[in-house]
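Based on the hints, put chain C in the right spot on chain W.
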Amino acid sequence: MGLVAWVAQNTSLVFCFFANISFDGAAFRLLFSRTRASKSYCHFAGLLLNSGAGTSFLRKGNQTFHVEERLKDVCRLGISDLSSLIARGGLSAVQAAETAIERAQSNQTELNAFVSIDEKGALARAEALDSLGVDARAGMKLFGVPIAVKDNICVKGGRTTCGSQMLQRFVSPFDATVVRNLTDAGAVIIGKTNLDEFAMGSSTETSCFGPTRNPHDTSRSCGGSSGGSAAAVASFCAPCALGTDTGGSIRQPASFCGVLGLKPTYGLVSRYGLVAFAPSFDQIGPITRDVKDAALLLSVLAGHDPLDATSVDRPVEEYSRLLDDDVAEIKVGVIGEHIEAEGLTPAVKSTMNDALKALQDIGASISQVSLPSLEYAVAIYYVLGTAETSSNMLRYDGVRYGHRASGFSDLADMYRKTRGEGFSREVKRRIILGTFVLSMGYYDAYYERAQRARTLVMRDFDIAFEGVDVLVGPTSPQQAFMIGEKVDDPLLMYLSDIFTIPANLAGLPAVSLPFGKDADGLPIGVQLIGKPFDEARMLRLANALMKRNCSS
Amino acid sequence: MGIEKTQVEYLASLARIELSEDELELFSGQLEKIVGYVEKLNELDLENVPPTSHTQNLKNVLREDTPKKGLTKDEALALAPDRQGDYFRVPRVIESD
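Chains as they are written, first to last, in our numbering: chain W, 1 to 552; chain C, 1 to 97.
So that you can see chain W by itself, here it is in the shape it has in the complex (with noise of 0.2 angstroms):
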């Protein structure tokens, strides 16, 4: 063995990631259960009303579950609500905390959603917020939340394997931006959930942690890749989840689980301890399970990095405040080759009508749209994508982190036996398809052609956008899909992103709203993409959509 001058002097250089319910304290009996084995499938913070209780099932697999009517109000306690509720003394943090942890603890065995829960480190960040003075806790706006965290997000001095052998022993030397902004704000980081490796993935199966399970159905997908957070925040192990989207990671698996998912404008959040997959699409965004958390953890997230060239210096917007306010000015545009596509379930079809009526009911004026390009949206994504994978997975060499093979003859043999046992073949399959599209030879016929293509992709939405605020289609074509189902066809994989993905390539802000479910009680999304920077435009024309959904 000989040394090479790999010195530790330049530590960027080292570690290169990329970078409603109102209330009063006194009208609920705090009941705090430590009873792990609890059959009732959501009690998230303990919390039980003193109101009468009905009873209503979720199906799990051939089970079914029976679920208090009264635990489930309170399980939908917005963050909002929450954080006021703790910091005025009503509840404390250690107490959301540990009902956040023994929720998502006891549901492991059967979801897989977490691939780590940090019981010690969050409950020793709830003891010193509950130890803070009331002026302290004034403007913190997670005050005692308890959130999940995607596990390609950096969080200092745990884990972050990205769902991968390679990074499986990955302790994080620092925190994300993100990060840092949410434990500001005093929210209460509880685990890190599972995902696809990478992020490569719509199912969460690519995970060497093993699939997540829909709560809805667990022998279907979560979807993917941020389906983790998906199935913790549908299940109740938490208020909120980050999630990361290149080409519908967070909205798809939204989508699947019935909550819901905002991907922010690329450049708006900032993505600094974000583990890099495709860097000109990735995006972080909150999942949450109604509009105005997700205006609120928006407000929390965004903002100028220094650390993130990508990221835009621009002001903060207080996502919250006009959600309330009226949409009749609202022009929306209905992409027609979204909602005329081929292969949409009749379950999707009927919610998507049910979504124009709605917004016909609250005022908003409606009409169709055109994008033509956007049948190219998939092929292109997948060009560029895979390019820009084959590109940062390079990073992993086993040199100064991760995994190392043994055995090995030479360096180029290290370098390649590291990476052919570290990844799974979903990772190895992407990078080998963007090695050939970047390729001599093929760069021109692929990757400068999808780049172009990609072009075209921005200017039909510009053109859409002369004429209408916000566009409006499904998230995906069909509801969950089984587990296993699409997991040996990548194609047929990759298609499943075909509504997603357009967001993606033109850098949009778009969110998935549960709008509805099939006879099954799968749940469907509805997507809304809106202009650069216009979340809050889009985000009242969410709320305002959910409302009518809600009371209709």
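Example chain W residues on the side facing chain C (calculated, C-beta under 10 angstroms, incomplete):
(1) Phe170
(2) Ala309
(3) Ser373
(4) Tyr376
(5) Ile380
(6) Arg400
(7) Ser409
(8) Asp410
(9) Tyr415
(10) Lys417
(11) Gly434
(12) Arg454
(13) Leu508
In short, the hints are calculated from the structure, not lab data. What you are looking at is a predicted structure, and each value in this text was computed from that prediction instead of being measured. Yeah, the Cβ is synthetic: ideal placement off N, Cα and C, and Gly gets one too.
Relative to chain W, chain C alone:
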């Protein structure tokens, strides 16, 4: 276009990834299918369309070169698969005579 097994083998060597015989077989079939799909892009007239590499109109984002503390050597080396003193240890790179 078809993607032969030998081509996948070549791409794997460029990407420094060891693939098993099974993976070579599997990927050549799958990549052929995916590349076949991607060839949809040939339907488009793109002659006068400029390429997009990025959706933000950002160029050369620079900040002041201010010295500040980063990770310590020990923090940076803590995750090294093989370490000797303040160095990452790797197999010999320079051949001896």
